[in-house]
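Colleague: The listed protein sequences correspond, in order, to chains A and B.
Here my numbering is used: the first residue of the first sequence is 1, the next is one more, and so on.
Here my numbering is used: the first residue of the second sequence is 1, the next is one more, and so on.
The reader is advised that the hints may include incorrect statements.
Unchecked claim - In silico lysine-lysine, DSSO-like type, Cα no more than 30 Å apart, as pairs:
1) A:254 <-> B:284
2) A:72 <-> A:128
3) B:99 <-> B:369
4) B:231 <-> B:100
5) B:196 <-> B:99
6) A:254 <-> B:231
To be clear, the hints were calculated from the coordinates, so they are not data collected in a lab.
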Amino acid sequence: MMLSRVAERLYWMARYLERVEDTARLIDAYSHVILDLPKGAEPGWSVLLETLEAQQEFHASYKATTETNVMKFLISNSETKKSLRSSMRFARENVRTTRDVLPSQVWELVNECYLLSEDQSTNSISRKNRAVYLTELIGRLQQINGLIESSVLRDQPLWYMRLGRMIERADMTTRIVNAGVTAMQQRAADQIPEIPLLWGSLLRSVSGVSAYRRRVGPVLDAESVINFVLSSPNFPRSLVYCTGSLEEIVDLLKAPPGLSRAARQTASKMRRLDISEIDVIELNQFIDDFQYELGELNAGFYDAWFSYRMDKTTS
Amino acid sequence: MSVTKSIWANYETVAQTTPPSASYDELINENGRPRAAARRVYRQIGKFSADELQERHSAAELCIREMGISFTVYSDGENIDRSWPYDLIPRIIRAKDWKKMNSGLIQRSRALNAFIDDVYNKQKILADEVLPAELVLESPNYLAQCTGISPAHGVWAHVCGSDLVRDGRGKFFVLEDNLRVPSGVSYMIENREVSKRVLPELFLNEVVQSVGDYPAQLYATLASLSPRSRKRPCIVVLTPGIYNSAYFEHAFLAQEMGAELVEGSDLFVDDRDTVYMKTVGGPKQVDVIYRRIDDTFMDPEAFRDDSTLGVSGLLRAWRGGKVAIANAPGSGVADDKVVYAFVPEMIRYYLNEEPLVSNVPTYLCMLEKDRDYVLEHIAELVVKPANESGGYGIMVGPHSDSATHRRYQKLIEANPRNYIAQPTLSLSTAPTYCDGEIAPRHLDLRPFILQGKESWVTPGGLTRVALKEGSLIVNSSQGGGSKDTWIVG
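Generate coordinates for the entire structure from the input sequences, incorporating the hints supplied.
Modeller: Written out as structure tokens, the structure is:
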């Protein structure tokens, strides 16, 4: 049985690591698609802030929503919480305080990745350096996940990490889908023809380009892409997949019945979703509800494991 | 020999020009030639060019940064995580010389433990006036709450870190015994790790005693204290938290032992005096606590009620025999520079043996005769507060001005019990890589002695080295470095 405090830190370590990887991929994909769009047609950098719900925090430190400012805010600013650099620092702090339950190489890799972000992020704002840096960062994070999956005991610490990873991933995927749906709505209202490139970018930001091609085909359209990212049962970043994993992990961790039920309901609701039957407004509402449920699950984890209560007994 | 200047050229000159009365160099003899045990390493390092040596030095720094080997210093109101300072050139000690130290250190640890057990129980040594009773009973490290307890195997100080120095002829002396929460052992292990990664060729044809066994030995020592007989007792490492200077070590030892690293708030004591940790599945009973927090912070109920680091009721649980604590509360009574002076007497008194390792001659300012001598010869002596660690409050007479001498004379007169003095030893030196060249630097050695059901001593220990020329202050908190320490042959 592990310490509640340690379980909580492992959970957050995994959340932050996943957040860094997903945010880096989002920035990279967006920076990439911008290059392909005709000048004047690009949606602007505020889209990234909206996706990450960071407008308010951004405007507390910066005035103009320029590319440079947004990149500084999201990549290198060490004082705001939303930057890759801060998330990496939080991830490292959590590993530093849980080193005793992890193989030592996990700490070494996370520490190296943190040093990379401390040393390189300020130099990686320009378009030229940004792509190289983000690719390197994403690669390192994948390496960390690979190491964790191939060396950590199949036991509680691993499950708490997976729990954090999956809930964070579900959250990020939802945000990205939401950004796509919003763009779709705006374009419909303004009667702008759809740009397939944007849907390619959306897939790219969830690392789903080749999976989509194999499963659906090379043609990109709004409904197929959104459907794939929401509902593909075997794409490891889809919401059906993420919520299904959460359901499994919660059972492995022998969650109390209430929490177990909540996880099961979230997963089956996601499986039942059929976007061909609902309109965009309903989809928006569905996503909002889903975000709320993720928050409830997170609170349920605290109740079940992380906030210690005397009345529980060891099994 | 090649035509280009050897990396050792500078060192040979230094060795030949220093007067024979000066420090003993551990690797190089007075003729500038390597001592027998160091010959192969000397030759191997001699093959490096200055650039190559610099490259290895940088590689070591990078390796330490990436492995995250750090220590925390508190400065300007901030906690800064610093990379561990490591010197490339190993310190080499002959196995034959070390064997004697090994027995001497075990002997010392046995006597110290017999002493602690005695002063908290029958107090025979005080009744027999081997040392003045008030010296022990009035010491701030004597904890009345610990009287009448006899922990498992009669052992209180399960982990002891004794600081050793060598004099001008290379003879070892014990400078002090750290019995509270001695630290440094993880750095001893990591230094070896770094050496193997950065200087693998030095290990060719060498038989160096391994230091990696420490965590397993520590585990066995702690397990032998468990009040419940279980195959795998529940052992925890109690840390004050991430801001403690030795947090790295706490995490390291917990990880290496497969024990849980806990903070005070992770534990609680119930009304039947049993200690539990708070796990995701509820309370789990704890058998042995390896505590890395000071006595008086351990339990706000028994000691400082303002401590937020400890666990309320811990002392009750320990007194009731429900949990073992290493080192036991109150062990610090023998970790006092005045009590230190009596260790040779303790060895004779409790073990009926002659000490195998010597003490440094020590003047006790509480004794009138000694005090007069110290006040008169203050410029030649090293004066130390009886109850400080980390090198704080030490005055090195020959390195201080007369104003400092006068200040210490006043301090001693005001509170003689609190000061001791020792002759200024010419601490031994070893070749150290400093600013692109190899130069002699003073060092000490901290071996770790484990005492549970069995005793065990680390082969070698943590070598600390003063990086400033001529300096005798080796503490890492004050700019000291460290070396990998080899017992060979």
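Colleague: For each hint, tell me whether it holds in the structure or not.
Modeller: Checked hints:
1. A:254 <-> B:284: It holds: about 17 Å lies between the C-alpha atoms, which stays within 30 Å.
2. A:72 <-> A:128: This hinted pair holds, its Cα atoms lying about 14 Å apart.
3. B:99 <-> B:369: Judged against 30 Å, a Cα distance of about 37 Å means the pair is violated.
4. B:231 <-> B:100: Measuring from Cα to Cα gives roughly 35 Å; hence the hint is violated.
5. B:196 <-> B:99: Holds: residue 196 of chain B and residue 99 of chain B sit about 24 Å apart, inside 30 Å.
6. A:254 <-> B:231: Holds, because 26 Å separates the two Cα atoms, which is no more than 30 Å.
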